[in-house]
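Colleague: Single-letter residue listing:
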Amino acid sequence: MQGRDTREPIVDVRRVVKRFPGVVALAGVDMRIGRGEIVGLVGKNGAGKSSLIKVIAGAERPDEGELRVDGRPPPHGYAPHVAHRLGLAFVHQELGNFPTLSVAENVALGTSYPRRLRLFVAQKELRRRVAAVFDELQADIDAGAPMSELTVVEQRLVMIARALYHDARVLFLDEPSVSLTIEEIGHLHAIVRQLKERGQSIVYVSHRLNEIVSLTDRVVVMQDGRVMLARATQEVDERALVDAIAGSRDARDLTSSPAWSDRPATPILRVRELRRPPLVHDVSFDLHEGEILGLAGLVGAGRTEVVRMLFGADSPSGGTIEVNGAPVRFRSPVDAIRRGIALLPEDRRHEGLVLDFTARENITLASLRHHRRNRLLPFPSRRSERMAATSIAKRLAIPERGVDEDVRRLSGGTQQKVVLAKWLERQGAVFIFDEPTQGVDVGAKAELFSLIQELVSHGRGAIVISSDFAELVQICNRVVALREGRVSGVLEAPNITEDALLRLAYDDSATPATSVLPSRAVLSETSS
Amino acid sequence: MSSDARAAADREDAAPQSAQVPVNTRRLEIAKKQLARNGVPLAIVLTFVVFSVLRPDSFFTELTIKSILRDCVPLVIVSLGITTVLAMNDYDLSVGGLISLSATIVVLLLSSAHVGMNYIAAIFLTIAIGALLGLVNGVLVAYVLLPSFILTIASGTFFAGLALEIVDSQSVFEGIPESFIDLASGTRFGFSHQVYIGLGVLILAHLFMRHTEYGRYMYAIGGNPEAARLSGVRVRMLRATGFGIVGATAAIAGILINSQAGAANPNTGLGLLLPAYAAAFLGSSMFRVGVFTPIGTALGALYLQMIGTGLTILSLTGPVVQMIQGGILAAAVLVSRLTRSDEHRP
Chain A
1 MQGRDTREPI VDVRRVVKRF PGVVALAGVD MRIGRGEIVG LVGKNGAGKS
51 SLIKVIAGAE RPDEGELRVD GRPPPHGYAP HVAHRLGLAF VHQELGNFPT
101 LSVAENVALG TSYPRRLRLF VAQKELRRRV AAVFDELQAD IDAGAPMSEL
151 TVVEQRLVMI ARALYHDARV LFLDEPSVSL TIEEIGHLHA IVRQLKERGQ
201 SIVYVSHRLN EIVSLTDRVV VMQDGRVMLA RATQEVDERA LVDAIAGSRD
251 ARDLTSSPAW SDRPATPILR VRELRRPPLV HDVSFDLHEG EILGLAGLVG
301 AGRTEVVRML FGADSPSGGT IEVNGAPVRF RSPVDAIRRG IALLPEDRRH
351 EGLVLDFTAR ENITLASLRH HRRNRLLPFP SRRSERMAAT SIAKRLAIPE
401 RGVDEDVRRL SGGTQQKVVL AKWLERQGAV FIFDEPTQGV DVGAKAELFS
451 LIQELVSHGR GAIVISSDFA ELVQICNRVV ALREGRVSGV LEAPNITEDA
501 LLRLAYDDSA TPATSVLPSR AVLSETSS
Chain B
529 MSSDARAAAD REDAAPQSAQ VPVNTRRLEI AKKQLARNGV PLAIVLTFVV
579 FSVLRPDSFF TELTIKSILR DCVPLVIVSL GITTVLAMND YDLSVGGLIS
629 LSATIVVLLL SSAHVGMNYI AAIFLTIAIG ALLGLVNGVL VAYVLLPSFI
679 LTIASGTFFA GLALEIVDSQ SVFEGIPESF IDLASGTRFG FSHQVYIGLG
729 VLILAHLFMR HTEYGRYMYA IGGNPEAARL SGVRVRMLRA TGFGIVGATA
779 AIAGILINSQ AGAANPNTGL GLLLPAYAAA FLGSSMFRVG VFTPIGTALG
829 ALYLQMIGTG LTILSLTGPV VQMIQGGILA AAVLVSRLTR SDEHRP
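As given, the protein sequences belong to chains A and B, one line each in that order. Per our numbering, the very first residue in the first sequence carries number 1; after that it's consecutive. Per our numbering, the very first residue in the second sequence carries number 529; after that it's consecutive.
Please note that a few of the clues may not be correct.
Restraint-style ranges between C-beta atoms, simulated for each label pair [as the list claims (entries may be wrong)]:
| hint | chain 1 | residue 1 | chain 2 | residue 2 | range |
| --- | --- | --- | --- | --- | --- |
| 1 | B | 699 | A | 118 | 53 to 61 Å |
| 2 | B | 686 | A | 61 | 52 to 60 Å |
| 3 | B | 844 | A | 118 | 46 to 54 Å |
| 4 | A | 322 | B | 816 | 42 to 50 Å |
It should be emphasised that the hints constitute simulated quantities derived from the structure, not laboratory data. Note that CB positions come from ideal geometry on N, CA and C, so glycine has one too.
Full structure from sequences and hints, please.
Modeller: Below, the structure is given as structure tokens:
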């Protein structure tokens, strides 16, 4: 963008467009990565960062535009292993390492190990070579140690060392600082700077704006599949970055849902100082009858972990939960379900559905007892099941044929409705939706929202987690923002805005939430 | 979104699959599916016809058919037991040892030379012991989270050793009451009592697995244990129960085998372990492919018995029979794989 590089960029992305069914992931993106620079890449979830990296990695083919590496189009049949050969290395947040192998074996994996007699791995030589890489990184890691004995930061360094060992010229680090301590982050930054000195290029993806500002040379902000801002880092500050991330779109002038004023005295759910380190430290909030409560936060802020505890899927190490004023201890989801709590998990394929079951079998799975032919015998009546499933399917607009179809074959939106149907069948009091709109198309999304709204109108409450803050603005009466396992602020309708949520969710420590938004952020008594 | 990116970038082969499948390929798919779904019933009929044609005087006779029905019963019952754990994606390889052990126990309890118990009481006590031992396996798997495969190999070895130890590696003949021998050898309406027992267990298993809540939950656990747990299914309890059921069926099988033999041979069970799994897997390639059903399992066991008897009538020796049975199982697994392959395409 800047044209400041006199030399040719290593990676050059030009006007790249990538469409997925129902969504434009990349709408004409330009990005250049020059030699020896640190480029920060930021944006909300769904802004297109992942799609862009996938295109560069060869995991996705662009629909329009082109990708050039070293000034040339990549070879025909460009794929991740080709990208790897061209010197592009991708270090992911979830570490793809092999715990039973030694550090050295992990680092050198995929290259041919040094051999003895052409057959046996020359362990000493291998360790020596790997140790040399660690020396360059000034990382104090024993190359001979088993991978499983390393700390998280050490494992992350091993992955970086691995990229160097493989002669990578461009390293893509995806959220490398997540769950590291401040000292560890400092160490990581020192290493990244050192790599730059050696002429390596780094693309640094992070949600923490302060490290983007302090570490990178250039920053690229994406939003809705476009590059909103691409500038030398010294020309911008965190404030400008947040503005670019949030976007100043008057078009999307969403007002938060109003019409909810008189709050009943006893909340249906009261959470106090819930803890489960390292991801949840001290979370308190209330949920009232008829309320849709949003949980906002970035990936890793502890949202999913909080609701799993509310559902008895994980046990908290401290804090209390009260349902309708009575303290509860959930040892398993069975207990939570009995108390009327329903969880629609984020990963519905792995946690919400039995894919080989029909929709009917899935819908009645949590309420099979209600379909007994005889109240005393555990024989469910298929007719009763089918009637219930069909009527609920009609209510949720699940296609009628779908009821007896294996869930595996249904679309994402329909699958999500099947999970919802399962809990509607069960008549819960608190419905927890973890990323309900993921993989759901626009029409189904609107439908889902009106279902959630209808749901709470009958004396129930709902908790909604979404990474798309605009959605929370649209449907929530109140939003609790989490940051690194703590409540960073609570907003109430009609004062919920996407902008305010973004500020609360991002590590914007220079400007605490209260001082940025004195008039908007209503810090509730519970967040103390 | 970002997790997708990771997954996709990790994937080595990201070559896009074309959505358009040529008509010929699709036809082949349908043919494959049909073959897989109806392969086993078809094979049963075909095998029956082949044996009948080859040996019309000795195979296609009332006596042989009745004896096939009688002899398959212990296998059917054990296979039905392991069907419950297989439905939950667990393995119980201790059945061999359990059969031997319960066969030995029941005879010791009955024999006037040993305990000399009433025969009904002895039978129920043995079944209870079997169920209890199975439950021990189950608790270790479901609550202590030991891997079922290796744990049940260990406990099966232990049970087999224990069976040998308590009778000093000898068979027990003396003092077995007629009424016990009559259990398997006696007939009613022209069929062995065993056939009715087998049919009874089959009906119970079918009702349990296909028509009760618990059966549904077990299949849900097999399909997705986490989703089942989050739906309020008592996953651990049911997994443990499955092993208890295996223990009870192994005990019944052991009792029948010894009733038929009129003696306790502490090695009876070991030969049933692999055929029981073979029967269950043969059965799982019927109906809804990949789903272990009691009726499918029973048909699988019946088929294995028919082949065993048929090949013996053709004067083939035991080892050859084993080779053929092994080949058939491999073929059945292969056939059911054909239809599953399409699920792994993006």
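Colleague: 53 to 61 Å was suggested as the range; check whether the CB atoms of residue 699 (chain B) and residue 118 (chain A) agree with it.
Modeller: 58 Å, holds
Colleague: Using the beta carbons of residue 686 (chain B) and residue 61 (chain A), state whether their distance is inside 52 to 60 Å or not.
Modeller: 57 Å, holds
Colleague: May I ask you to test the hint 46 to 54 Å on the CB atoms belonging to residue 844 (chain B) and residue 118 (chain A)?
Modeller: 49 Å, holds
Colleague: Would you say the C-beta atoms of residue 322 (chain A) and residue 816 (chain B) sit inside 42 to 50 Å of each other?
Modeller: 45 Å, holds
Of the hints listed earlier, there is not a single one the structure fails to meet.
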